[in-house]
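Chemist: The residues making up each chain are set out below.
Protein chains: 2
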Amino acid sequence: MGFNSLKWSINKNRLISRIKELGQIGRDEDNRLTRLAVSDADKAGRDAIVDWMKEANLEVIIDRIGNVFGIWSNDDNKDKDPIMVGSHIDTVMNAGIYDGCYGVISGIEVIKTLKEEGFIPSRPIIIGIFTNEEGVRYQPDMMGSLVYAGGLSVDKALATVGIDGTLLGEELDRIGYLGEAEPGFIQPHAYVELHVEQGPILEKSNTTIGVVEGVQGISWQRITIEGIANHAGTTPIDMRQDAGIAAAKVMTFLRDRVKDLNDSTVVTVGCIEFKPNAINVVPSQATFTVDLRNPDEERLKEEEDILENYLEELAHVESVAISTEKLVRFEPVSFDENIAQLIENSANRRGLKSKRMISGAGHDAQMIARICPTAMIFVPSVGGISHNPKEYTPETDLVAGANVLLDVIIQLVELE
Amino acid sequence: MGFNSLKWSINKNRLISRIKELGQIGRDEDNRLTRLAVSDADKAGRDAIVDWMKEANLEVIIDRIGNVFGIWSNDDNKDKDPIMVGSHIDTVMNAGIYDGCYGVISGIEVIKTLKEEGFIPSRPIIIGIFTNEEGVRYQPDMMGSLVYAGGLSVDKALATVGIDGTLLGEELDRIGYLGEAEPGFIQPHAYVELHVEQGPILEKSNTTIGVVEGVQGISWQRITIEGIANHAGTTPIDMRQDAGIAAAKVMTFLRDRVKDLNDSTVVTVGCIEFKPNAINVVPSQATFTVDLRNPDEERLKEEEDILENYLEELAHVESVAISTEKLVRFEPVSFDENIAQLIENSANRRGLKSKRMISGAGHDAQMIARICPTAMIFVPSVGGISHNPKEYTPETDLVAGANVLLDVIIQLVELE
Numbered sequence: 011m012g013f014n015s016l017k018w019s020i021n022k023n024r025l026i027s028r029i030k031e032l033g034q035i036g037r038d039e040d041n042r043l044t045r046l047a048v049s050d051a052d053k054a055g056r057d058a059i060v061d062w063m064k065e066a067n068l069e070v071i072i073d074r075i076g077n078v079f080g081i082w083s084n085d086d087n088k089d090k091d092p093i094m095v096g097s098h099i100d101t102v103m104n105a106g107i108y109d110g111c112y113g114v115i116s117g118i119e120v121i122k123t124l125k126e127e128g129f130i131p132s133r134p135i136i137i138g139i140f141t142n143e144e145g146v147r148y149q150p151d152m153m154g155s156l157v158y159a160g161g162l163s164v165d166k167a168l169a170t171v172g173i174d175g176t177l178l179g180e181e182l183d184r185i186g187y188l189g190e191a192e193p194g195f196i197q198p199h200a201y202v203e204l205h206v207e208q209g210p211i212l213e214k215s216n217t218t219i220g221v222v223e224g225v226q227g228i229s230w231q232r233i234t235i236e237g238i239a240n241h242a243g244t245t246p247i248d249m250r251q252d253a254g255i256a257a258a259k260v261m262t263f264l265r266d267r268v269k270d271l272n273d274s275t276v277v278t279v280g281c282i283e284f285k286p287n288a289i290n291v292v293p294s295q296a297t298f299t300v301d302l303r304n305p306d307e308e309r310l311k312e313e314e315d316i317l318e319n320y321l322e323e324l325a326h327v328e329s330v331a332i333s334t335e336k337l338v339r340f341e342p343v344s345f346d347e348n349i350a351q352l353i354e355n356s357a358n359r360r361g362l363k364s365k366r367m368i369s370g371a372g373h374d375a376q377m378i379a380r381i382c383p384t385a386m387i388f389v390p391s392v393g394g395i396s397h398n399p400k401e402y403t404p405e406t407d408l409v410a411g412a413n414v415l416l417d418v419i420i421q422l423v424e425l426e
Numbered sequence: 011m012g013f014n015s016l017k018w019s020i021n022k023n024r025l026i027s028r029i030k031e032l033g034q035i036g037r038d039e040d041n042r043l044t045r046l047a048v049s050d051a052d053k054a055g056r057d058a059i060v061d062w063m064k065e066a067n068l069e070v071i072i073d074r075i076g077n078v079f080g081i082w083s084n085d086d087n088k089d090k091d092p093i094m095v096g097s098h099i100d101t102v103m104n105a106g107i108y109d110g111c112y113g114v115i116s117g118i119e120v121i122k123t124l125k126e127e128g129f130i131p132s133r134p135i136i137i138g139i140f141t142n143e144e145g146v147r148y149q150p151d152m153m154g155s156l157v158y159a160g161g162l163s164v165d166k167a168l169a170t171v172g173i174d175g176t177l178l179g180e181e182l183d184r185i186g187y188l189g190e191a192e193p194g195f196i197q198p199h200a201y202v203e204l205h206v207e208q209g210p211i212l213e214k215s216n217t218t219i220g221v222v223e224g225v226q227g228i229s230w231q232r233i234t235i236e237g238i239a240n241h242a243g244t245t246p247i248d249m250r251q252d253a254g255i256a257a258a259k260v261m262t263f264l265r266d267r268v269k270d271l272n273d274s275t276v277v278t279v280g281c282i283e284f285k286p287n288a289i290n291v292v293p294s295q296a297t298f299t300v301d302l303r304n305p306d307e308e309r310l311k312e313e314e315d316i317l318e319n320y321l322e323e324l325a326h327v328e329s330v331a332i333s334t335e336k337l338v339r340f341e342p343v344s345f346d347e348n349i350a351q352l353i354e355n356s357a358n359r360r361g362l363k364s365k366r367m368i369s370g371a372g373h374d375a376q377m378i379a380r381i382c383p384t385a386m387i388f389v390p391s392v393g394g395i396s397h398n399p400k401e402y403t404p405e406t407d408l409v410a411g412a413n414v415l416l417d418v419i420i421q422l423v424e425l426e
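Those sequence lines, one after another, are chains A and B. Counting in my numbering, the first sequence runs from 11 upward without gaps. Counting in my numbering, the second sequence runs from 11 upward without gaps.
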């Protein structure tokens with residue numbers, strides 16, 4: 011491998027037109043993009059990707075959880091552990107066109123470019139599409155990569171019942187993507203995922219390339235506060251057991267704490283419900299969710315403990331009963347420093363400003379990190395907007411990210 | 011009128027058994043009591059009351075908004091303005107048996123008692139049932155009394171569309187209670203309403219009789235906060251425009267303020283909704299209601315202004331847009347001091363502890379107060395519970411309240 015190969019560039023027009031083409035698959039009558047996992051729209055999206063894989067002469071293998079792999083190998087390298095590039099093409103409801111798809115299409119684009127340049131890789135290169143990353147139709151999210159990495163049994167995953175009452179296994183079969191390969195059948199040498207940031211940090215700091223060193227730990231819980239319903243007009247304030255006020259106090263407590271900390275801790279209350287939810291009735295019940303994230307496991311645990319202590323105190327002060335239910339708990343994930351340096355070096359060589367960062371969102375890469383050295387490349391999301399039709403990344407940034415992926419793949423393939 | 015008449019007592023068994031009998035009308039398969047205004051259940055309840063009116067030889071007249079009046083008059087008094095006793099028998103969903111019904115049945119009981127004692131009134135006595143006090147099926151609440159007092163045109167009220175899409179006028183006709191008398195056709199000399207407190211004050215102060223001097227002013231508004239939806243994991247706290255946190259801050263602000271005031275101001279946030287209401291999305295919109303009450307109009311206005319100023323400041327601090335919509339605004343109502351004194355004196359003579367108070371809830375009496383001297387008598391609600399199957403007032407208190415009503419009616423009829 012000489013320096014020349016690190017000056018190659020992917021084909022901008024092919025990359026952009028394929029992102030747009032995939033973004034047209036799964037539109038409803040209002041032109042909203044919704045390609046929920048293992049739906050007819052997902053099938054149509056998978057079919058398009060498989061066509062592109064075949065057009066690039068990749069061998070397509072589907073595993074039992076529906077992950078699709080496009081494999082570029084030859085007789086000389088087929089016994090070596092491959093370099094894997096992957097992401098997902100399922101979407102949330104009313105989605106943007108970049109989340110996941112950008113990484114998958116860029117992977118194919120990298121292989122196309124390498125082939126056009128006459129590059130002969132020393133290891134196989136594989137593009138993976140992981141089933142159900144979003145977790146909208148079937149829980150949990152990042153399912154295909156979790157199963158692939160051995161974190162969830164394939165039989166249990168296939169038996170998942172969706173929000174529409176369907177069985178994931180039956181739906182995979184129905185759309186023709188219930189494969190026979192055992193998840194984990196290929197042991198990657200390394201894994202790289204290129205993705206839009208879905209947050210505002212790169213754009214705000216005028217940076218093109220995010221060198222992702224890890225993924226935050228995530229703690230999701232549902233908190234239920236039980237008070238007593240009372241007439242809003244006849245019940246003096248000091249005789250109330252107001253579940254709604256107690257919920258509001260938790261929210262402001264968490265916000266004040268995190269603001270004071272001024273570190274990487276983030277906390278969000280995204281869902282709330284009052285019962286009976288009547289204008290003139292003091293709420294008897296308030297249910298809300300807390301999404302707490304921190305890149306450090308000890309710190310995340312500390313914040314969980316602080317919340318738990320606060321709830322105990324609050325229950326006493328407000329004369330309410332408080333119960334909590336853990337919904338999701340992922341420890342923080344650290345990515346591979348060697349791959350991070352390859353990303354950083356590529357950005358430097360190409361004159362792109364880069365920044366070390368932690369992913370706030372969950373990604374398939376955090377699952378695959380369990381089985382091989384892994385890292386991610388981020389490009390900016392304008393306004394930090396994602397999971398939204400307004401999701402947007404400028405074309406120059408899309409190309410820059412794909413070129414960095416190209417460089418990193420070349421080096422991972424060639425370096426020992 | 012001698013002192014003897016003020017030693018009479020109503021018939022406890024008849025009063026209690028009728029309250030229980032009416033409380034059985036409108037039960038569903040789960041034995042829950044729901045007698046929404048102008049429903050089949052309401053018709054069945056009205057029929058029972060009309061039977062009791064007729065059994066007491068009262069003349070029954072129905073007006074155009076469906077208010078039912080049972081009139082006891084004779085040739086000697088029929089030209090004098092009558093004393094009116096009234097309340098309602100419609101209920102909320104899954105209601106208790108006392109709210110409204112207690113006052114109506116006690117009125118009939120008072121007339122029965124007076125007749126049995128051979129009392130010949132100098133003025134007619136009228137029992138009124140007002141249509142749709144609860145305002146659950148049709149808005150606004152206290153509708154029949156509001157129309158009767160001239161505060162809402164009967165034609166507009168009849169055209170009200172219910173939560174089930176029905177027209178109030180058509181439903182009144184269907185159940186046989188669309189009368190011909192013009193609302194307001196009888197000008198009362200005075201109006202008295204006996205009611206359960208629906209709050210905890212009497213019970214907590216070990217008091218049997220509430221001498222109700224007025225009704226709090228009520229200010230209902232809906233507040234909508236618009237922020238920006240963002241990913242809960244990828245958006246740093248200081249880059250958020252979190253509509254949910256802003257809503258929580260309004261709630262804790264109002265609560266802290268009213269707690270510090272420690273006066274008769276009450277405030278309640280009973281309804282709340284977040285959009286998109288997803289665990290991992292910063293809320294883009296929060297909508298909630300504020301129910302603010304104060305017995306003094308100037309103070310109520312002051313609290314509304316303080317909230318308005320706070321919202322203005324908050325919009326700036328949290329980078330959100332805040333809009334408010336007035337839903338209901340009733341000025342405080344002052345009742346008649348002479349009638350209040352009659353109530354107080356009766357309680358004293360009967361050895362019942364009494365307490366001057368302001369009604370926290372709205373009642374038909376506050377509408378009728380527009381057209382004649384008016385007051386209310388309260389009896390305790392155990393635990394302050396109302397609009398709930400657990401609504402309960404001990405029988406001795408029910409009897410005590412009806413006896414005070416008896417005394418007050420006798421004096422209002424006889425005094426000039």
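Keep in mind the hints are simulated off the structure, nothing from the lab. Just so you know, not all the hints are guaranteed correct.
Identical copies go unnamed one by one, so any copy, or any two together, can satisfy a pair.
Unchecked claim - With a cut-off of at most 30 Å between alpha-carbon atoms, the simulated BS3-like pairs for lysine-lysine come out as follows:
1. 166 / 30
2. 363 / 336
3. 363 / 30
4. 214 / 285
5. 336 / 30
Chemist: For every hint, state whether the structure bears it out.
Modeler: Tested hints:
Proximity of residue 166 and residue 30 under a CA criterion of 30 Å is satisfied in neither setting, with 35 Å inside one chain copy and 55 Å between copies. Proximity of residue 363 to residue 336 under the C-alpha cut-off of 30 Å is found in neither arrangement, the shortest distances being 39 Å within a copy and 52 Å between copies. Within a single copy, residue 363 and residue 30 get their C-alpha atoms as close as 26 Å, which meets the 30 Å cut-off; across copies the closest is 79 Å, which misses it. In the homo-oligomer, the alpha carbons of residue 214 and residue 285 lie at most 30 Å apart only across protomers (26 Å), although the nearest pairing inside one protomer, at 40 Å, exceeds that limit.
Proximity of residue 336 and residue 30 under a CA criterion of 30 Å is satisfied in neither setting, with 39 Å inside one chain copy and 46 Å between copies.
In this structure, the hints that do not hold are numbers 1, 2 and 5, in rising order.
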